[in-house]
Structures are given as C-alpha cells and as structure tokens.
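J.: Listed here are the chains, written in short residue letters.
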Amino acid sequence: MPSSNVKKFIVYSLFMGILILPMVGLPSTGFEITRALLVWGVFVGILAFWLLGKSIRGSDAFQSAAGGLAPFRSRLFDNFTKVPTKIYLCLLLFALAAYPQVANNYMVDVGITCLIYVVLGLGLDIVVGLAGLLDLGYIAFYAVGAYTYSLLNLHFGLSFWSCLPIGIVLGAVCGCIIGYPTLRMRGDYLAIVTMGFGEIIRLVLNNWDKLTKGPNGLLGMAKPAIGYPSFAEGGVKWVSYSLKSLHSLYYLILLIAVLTVIGVGRLNNSRIGRAWIAIREDEVAAELSGVPTTWLKLLAYAMGAAFASVAGAFFASKLSYTNPNFFIFMESCIVLCIVVLGGVGSIPGIVLAGIVLIAVPEVSRELQNYRMLVFGLAMAVMMVLRPEGLIPATRHKRELHETEGETYGE
Amino acid sequence: MASEQPILKLEDVHTYYGNIHALKGVSCAIPSGDIACLIGANGAGKSTTLLTIFGVQRAAEGKILYKGREIHHLRPEQVAALGVSQTPEGRQIFPRMTTLENLEMGAFLRGDKVAVAEDMEWVFSLFPVLQERTRQLGGTLSGGEQQMLAIGRALMSRPELLLLDEPSLGLAPKLVEKIFETILEISKSGVTIFLVEQNAHMALSISNTGYVMETGRIVLTDKASDLLQNEKVKKAYLGE
Chain A
855 MPSSNVKKFI VYSLFMGILI LPMVGLPSTG FEITRALLVW GVFVGILAFW
905 LLGKSIRGSD AFQSAAGGLA PFRSRLFDNF TKVPTKIYLC LLLFALAAYP
955 QVANNYMVDV GITCLIYVVL GLGLDIVVGL AGLLDLGYIA FYAVGAYTYS
1005 LLNLHFGLSF WSCLPIGIVL GAVCGCIIGY PTLRMRGDYL AIVTMGFGEI
1055 IRLVLNNWDK LTKGPNGLLG MAKPAIGYPS FAEGGVKWVS YSLKSLHSLY
1105 YLILLIAVLT VIGVGRLNNS RIGRAWIAIR EDEVAAELSG VPTTWLKLLA
1155 YAMGAAFASV AGAFFASKLS YTNPNFFIFM ESCIVLCIVV LGGVGSIPGI
1205 VLAGIVLIAV PEVSRELQNY RMLVFGLAMA VMMVLRPEGL IPATRHKREL
1255 HETEGETYGE
Chain H
216 MASEQPILKL EDVHTYYGNI HALKGVSCAI PSGDIACLIG ANGAGKSTTL
266 LTIFGVQRAA EGKILYKGRE IHHLRPEQVA ALGVSQTPEG RQIFPRMTTL
316 ENLEMGAFLR GDKVAVAEDM EWVFSLFPVL QERTRQLGGT LSGGEQQMLA
366 IGRALMSRPE LLLLDEPSLG LAPKLVEKIF ETILEISKSG VTIFLVEQNA
416 HMALSISNTG YVMETGRIVL TDKASDLLQN EKVKKAYLGE
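First to last, the protein sequences are chains A and H.
In terms of my numbering, the first sequence is residues 855 to 1264.
In terms of my numbering, the second sequence is residues 216 to 455.
Bound-form chain A, shown alone (with noise of 0.2 Å):
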C-alpha cells in the first residue's frame, strides 16, 4: 500500500473516531464505550476494504493485468450499450409495474411515496436544474395542491379528476407570485426569499382555522375514482370505481410519474429548455439572445409548481387527510436533496435519487436512530464520490469536468 493510502488511513480514522465515537457513545443513559468502538470499527473496516482495494487497483501488476483484459472489457461494454435505450425503458417500466404483485402493502406504500417524491423531484428540477433559480419553498406548491383538492372536495364534491385541472392552475399561479418580485433575484437572496414563501404558505394553512381548520388538518376526501362504461339492462350505464386500494393507487401514482418523466423530458429539448439553460448560463447574453427572460422565468416556476400541485393532489386524496405539518421546509430539504444527488438535469438520475432517498431511509428502520447518521454519511460521501450526481446528465458532467480544449460529441 503507497504511503499516500497510509496516510489517509490514519487521517480519516481519527476524523470519524472523534466524529462517531461521542455521537455513538453518549446515549441518554451514560457512556457506553464497546458499542461506540464497533460502530466506529465497522467504518474503519470499510475505510480500510476501500483504500486496500483502491491501491490494488492502482498498482503495476493489476494494470498490466487489467491491460490484458480491456478489449474482452469493451466488447462487454459495446454488448451492453447496443440494446437501445427503449428495450432498458421498457424494462424498468415492467418492472415497477409488476411491482405491487410481489410486494407486500407496506412495501406498495413505500414505493407509492418514492413516486410522490419522484414527481416533485423533476418538477423542482425544471426551476433548479433548467432555469437555475434555486428554491427552497417548492413543497408550498405541494401543498397548494393538496389543499386545492381536499377544499373543493370536501365543500363541493368536486372529483379528484376536475380538481387536478383546477389545481394545477392555482399552483401555476402561485407559482407567478413568488415568482415575479424575485425576477431580479439571484443565488443566495433567491434562495432566502423562496424558503420564506414556503414557510408563509405552511404558517396561512396553519392559522387559517375557519378554512383550514389549522393544525388538526382537512379529513374524508374522496380517492380518486375512475369510470367505466357498464352494459347492464337499460342501455350503457357510467359507474365509477373508487381507486381504495393501495394497489390501484400505485398504478395511478406511477401513470403521473410516466407522464411527469415524459413531459419533463420534452421541455428539456425543447427550444424553451434551450433557452431556460441560456439563462442558467448567462442572463444578460440570454436577454441580447431575444431570449424573453422575463416570461420564461416565470414559466419555469409555473410549470414547476403545477408538477408539484399534481403530486400534491394526489397525496392528499392518498391519506384523505392533510395538516401544514406534512409541508415543513424539511421535506424542500428533501425534494432539493433528490435532485441534487440524481444529478441536475438528469430525468434518470433524479428517478434514481427520488427512489433511493425515500426508500433507504424506510427500509433501514431497523437501524433505528442511526438511520438518519446513514443517510447523512451516504449524502455526504456521494457529494464527495459523484459530485455530478448518480446519473449525471451530459452537460452537468461537463461542467465538473471540464477540461481546456477537450470536445463533446452532442
């Protein structure tokens, strides 16, 4: 092992002793040094696993090896990136359709809320990841559409279906509020000015008793339901299904997420897309462009807010119960942390992200308290590995890799 390793060994090993073993070890109870040490031995185990394995693979013996191996490696390679991308898209979409078949409901539930998560995550993307206005209140659109839906349900009757159109719109045009006096806004003071919107829209939910009746929340939506035409005796009849189960919920959730991911998709290449990137890049070369930047601006965040009014919805009439509490600044947090670690502009990266983000924490409940010291480690050690992002998209990955003189292919 090269002394560099070495070093890093000790260096780190004492970074995350002095990290770990007090976090660990103080319980409320007293100091309880053998289950800090382990924890402690187990990530100086994996350290050690990743350095060894990163030095073998550095050393000459391996190269010449590897050198030996490489055109078996490409042919491999070249099999793989043959498929067509449809046949993989086919694939996933197979298999998160049979999903709920194998699942159990707890596991149905889960997947139901990675796609919540999925849909908020692109959405979030068109106003970060395109338009690169950074927000940090997008969950207040969620939450516009949550309780566009449980208020007209519960005062009108109105169907899930009627309100989605109604609700899209509502967060569109919240969306055009906060919006407009931040147009002159850039990077930190954006930032500040959105998460104050979001905590705005969480306190009005939460103190508007007589409409929202406050922290004790909207309860009984109706699900969603869908008809279907009925040959009984008397002609063709419409009867409505309730979608009650967790199954057909999930099947409703993931039709959303498709059509999120190929809306989404669209906008990216298309010549709005471009221009919402020109401005990311450079507003004021994008304005002598005859790029509208105004307009475009405020139909990034439109259009972001009317994904997450669908998503949220959907949520609402899931639970048929909705209270502030659902939309704190933690779960913007969250949404942001998705699209970040997919990778900014990346639409599989983000369904990637949206996935593991929601369901790691879920599935390692087993850890208890230390699921949330996993999570951070994992965060933290992806920002450190893959600052691009799991899946990161092509022109993201230049910009952290850029090299003088180097040529992309388009």
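Do not take every clue at face value.
Unchecked claim - Covered, in the sense of this in silico footprint (three residues per stretch, anywhere, with C-beta under 8 Å from a C-beta of chain A), are these stretches of chain H: (1) 251-260; (2) 279-292; (3) 297-303; (4) 320-326.
It should be emphasised that the hints constitute simulated quantities derived from the structure, not laboratory data.
Backbone N, C-alpha and C define an ideal beta-carbon position, used for all residues, glycine too.
Please arrange chain H on chain A, whose structure you already have, making use of the hints.
T.: Frame of chain A, contents of chain H only:
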C-alpha cells in the same frame, strides 16, 4: 444630416442606475449602412448607451428611434425582433454550451431553418476557426475565439443594426486587427454597425462617424478621419 432617415436616432436619452445618473442626455444619429463608433474612457457610459438602446436598461427620459419607430419602451426581445443585435461586453458567451449551441441561441427568435443554416455558413466563412470548434464548449475557447463566437452569435439573428461592445477587450494586437477586418467585411454586407471601443485609434480608423463620450454626455461628434486629427482627441484618447 443626410436626407435619408437614420437607422438609429437617440434624442436626449437619460438613464439611471438607482440614484446614479449614468446617461445625461445622449443624442446621436447613425445613418443606414454606416460604421459609427463611440469612444471614451472607462465609466463614461458607453456600454450603458448600448444597453439602453437594447432595452436592457430603461431610458428614463428621451427618445430612441429605430427606423423612425420609437423603441425606448420595448423589451430586449422586442428590440431584437426588429433586427437589432448586440454583443455583450467582456465576451459573454454561454460557457457550458458548445460553439454550435451558442450560435443556435443567436437565432433563437427565427423559425426559418434553411435561412438559419445559410447564416451559419456565412458566420463560419467569416470566422473559419469556429467551424473547427463546433463541438467544443464555449468556455474552453481562447479569448479571441470567444469574441468571434460572440460576434457570430449576434450575426445569427441576421441583424440590420449590430451593436458591438468592446470587441477588442483583452485581445492581442494581431487578433484585434483581424476582428476589425471582419467588422469591415460585415459592414460591406449591408449591416449598420455601432461600435463602442476603448481602443480609439482602431475604432476611428474603420469608422465613418465618431462620437466622443465623457461622463454620460457626448462631447464631440465628427467624421472619424477628422477626429483622428483632432488635437484634443489625440491627447486624451490616442496617446499622442
């Protein structure tokens, strides 16, 4: 003034940045097909003049006329749609877009793909080096190439009036010469050019009309060849 209507006319234009009075009544008229240049020291308001014409900065008072039409209340994209184009100061290209994507952004408002492709060919004939770099990211181009790209992008909207903000900024003398030769070539194709420059000698030598700007006002207007001989200009801007 010539009997023909000037393509661009500024009448007593005032612009403010907050409380700072940046333009204090700028007036000028640029005939169609001309090359005009605006010279002056740092902070005189040259770039502000261009940004005000384009509508990025709003004129608080005064009139801006493009082909006799008032444009001072229009937004930048509306001005661009009328056939005005501008290169930003300091070679602001889109650094993480390829050369090709940068040029395509220049044609953002145009729908006619065939004509856009023709103009792309024209830009490549003006700047052959860009054609070799089509797939390279804008940010990785050299300074001169970035300036060429900025001019090329501005030409992609097929403008009738081209506003150039300091095309020689930070370039080696040889490259500056090349850029100015190309500007002459662009002018020959019928594009009116309004040039803002600190490199007064170079700018005046290719221009017909010259304007000298000091602290938000145009203090001197004359034929460019006469300005080159003017004692005051020689002393202040030509370093003679």
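J.: Which constraints among the numbered hints does this structure fail? Numbers only, ascending.
T.: Hint check: 1 fails alone, others pass.
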